[in-house]
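Those sequence lines, one after another, are chains G and H.
So the first sequence is numbered by our numbering: it starts at 765 and just counts up by one.
So the second sequence is numbered by our numbering: it starts at 3 and just counts up by one.
Honestly, the hints are just simulated from the structure, not real lab data.
You may find that some hints are simply not true.
Using C-beta positions, here's what the derived DEER-type ranges look like [as the list claims (entries may be wrong)]:
#	chain 1	residue 1	chain 2	residue 2	range
1	G	Ser774	H	Thr173	25 to 33 Å
2	H	Ser176	G	Pro1076	30 to 38 Å
3	G	Thr1070	H	Lys168	44 to 52 Å
4	H	Arg95	G	Ala1012	33 to 41 Å
5	G	Lys998	H	Asp26	33 to 41 Å
Yeah, the Cβ is synthetic: ideal placement off N, Cα and C, and Gly gets one too.
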Amino acid sequence: MDEIKQFLGSTPVITREAKDAARAQLLQAMREPLPQPARRRTFRIPRLAWRFGIAAVAASALLVGYGVVGGDDQSAAYADVKELGERAAKAAERGPDDAYTRTPSPGQWLYVKESIAPLLAEPRPEVDRDRRETLETWYSLDGKQMAIDDGVGKLAIEEVNTGLKSADLAQEPVTPDAVLAKVKASVAATPASPFEQGRGMPEQERAFHTISTLMGGQPLTPQVRAALFRALPKIDGVSVKQDAVDAAGRHGVAFAYTGSRERSEIIVDANDYRFLGLYGENLADQPFPNEGGLAAPALPSGTAGTVKAGAPLMWSAQLETKVVDKPGTRPQQ
Amino acid sequence: MTQTHPAETAEVDDAELIRWSRDDPEQLAGLFDRYIEQIHRFVARRLGTQAADDIAAETFLTAFRGRASYDPAQRLAGPWLYGIATNLIAKHRRGEERFLRALSRTGTNPLPEPPMADTVVGRVAAQEVDHRLAEALASMSSGDRDVLLLVAWGELTYEEVAAVLKVPIGTVRSRLHRARKKARIALGGDDPTREVA
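Given the sequences, and given the hints that come with them, work out the whole structure.
Here you go:
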């Protein structure tokens, strides 16, 4: 036996407690329901739609301290979306990663403060362009849990059931093609929701929405964020929108996907490429399913009304992010 | 290869368990039982037992989530799990290097460990070697260190290392060559990983 093989060979075996805890964690994961995409939940559970609106627009751990990172230049125009992706990726790679140098499981949380346009009137899927709600959310750094004030001062912690999580994307190799493949695999493995089916939403549009959700609602490492920025231009139909406005009125530049029924935007700052928010707009009059209340099952055959062309479906602005020690803690408390 | 692989004595091989787990997720608990101790030990030797508790648990969660992509031609899942653990360890590069630097300075494990009374004498005797090896490991690139420790501690073949790290086998060989050279220099002569035929 050689020295390397013996080196630290007296390291003790796993304790009974740690083993039991790990096994319990695994069994819990096995017993969780199959993951469903955030958008499906949004429309299947309208009463919770505002929450998952948040899930889709929240910040990432990468954005902590991100505002100090300068962009390549100050020019406002981009030749194409590939150029935007490349510049945003480079900025992401320069971002600090100290929020995510530990195993994505226990410990700290990401506090996110944002302004969103609330739903106009349930179960209608469009949001109210004229109103804003300020929302505070905490995300566990592994991306698996979110916590939110339930409106009466009590913190509600929920599992995040989007199919892909930050930990999945951080698995090597972290390249644009690899993360895109994971996104597409997640889309392929998840049946389209009644809403998506009704809209004839193609795979690439669902992939764009999946990345929107990830960028908004999962703490991502710099490498993953950069890979996602470079993956976006690889999706057919993604273009650059030179001037986009978030829900706080801030102007930026957007990755945009224009589908047959809906236009979606991931808005970033034109100078330092930090995430600003999301916007979605309905492009054609469209019936929406009547899915009832909180516990009602999906009823794809029923419709409750029509969403008009031009109606905003999502509008958000991220205002502040900060890593904190526990859910419920606000910065500078 | 003196270690008896857990699956060699079981009736059902790992690939079959993973295949079953696609329809019956809890079958994967069988894989946990077979490998948790060796995966935890591998991580604990690199990062200390406390970090290993989390990373070993995360390794099996990652395996569970990624079970659909497992290559059923690989009857034993050990290399796959070591690969997942290595990728998770990669997020702790700085922690690992701090761990090794502290070890190289003091010759003792810098992280809190359970009592090891029966091993104290042996550890003191081996302190000088540990000191040098820790320094050598800390000074290697993370890629070289991954390959060296997957081969030396995980007992993976070169082909298995290439597959789990997704690098060409030539890269495995060159990384291992560099790593062994550093270790050899640190120990003042013989290749500390060379197998005696």
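Hints and how they fare:
no.: 1; hint: G:Ser774 x H:Thr173: 25 to 33 Å; result: 32 Å, holds
no.: 2; hint: H:Ser176 x G:Pro1076: 30 to 38 Å; result: 56 Å, violated
no.: 3; hint: G:Thr1070 x H:Lys168: 44 to 52 Å; result: 49 Å, holds
no.: 4; hint: H:Arg95 x G:Ala1012: 33 to 41 Å; result: 37 Å, holds
no.: 5; hint: G:Lys998 x H:Asp26: 33 to 41 Å; result: 36 Å, holds
Taken one by one, the earlier hints fail for this structure only at number 2.
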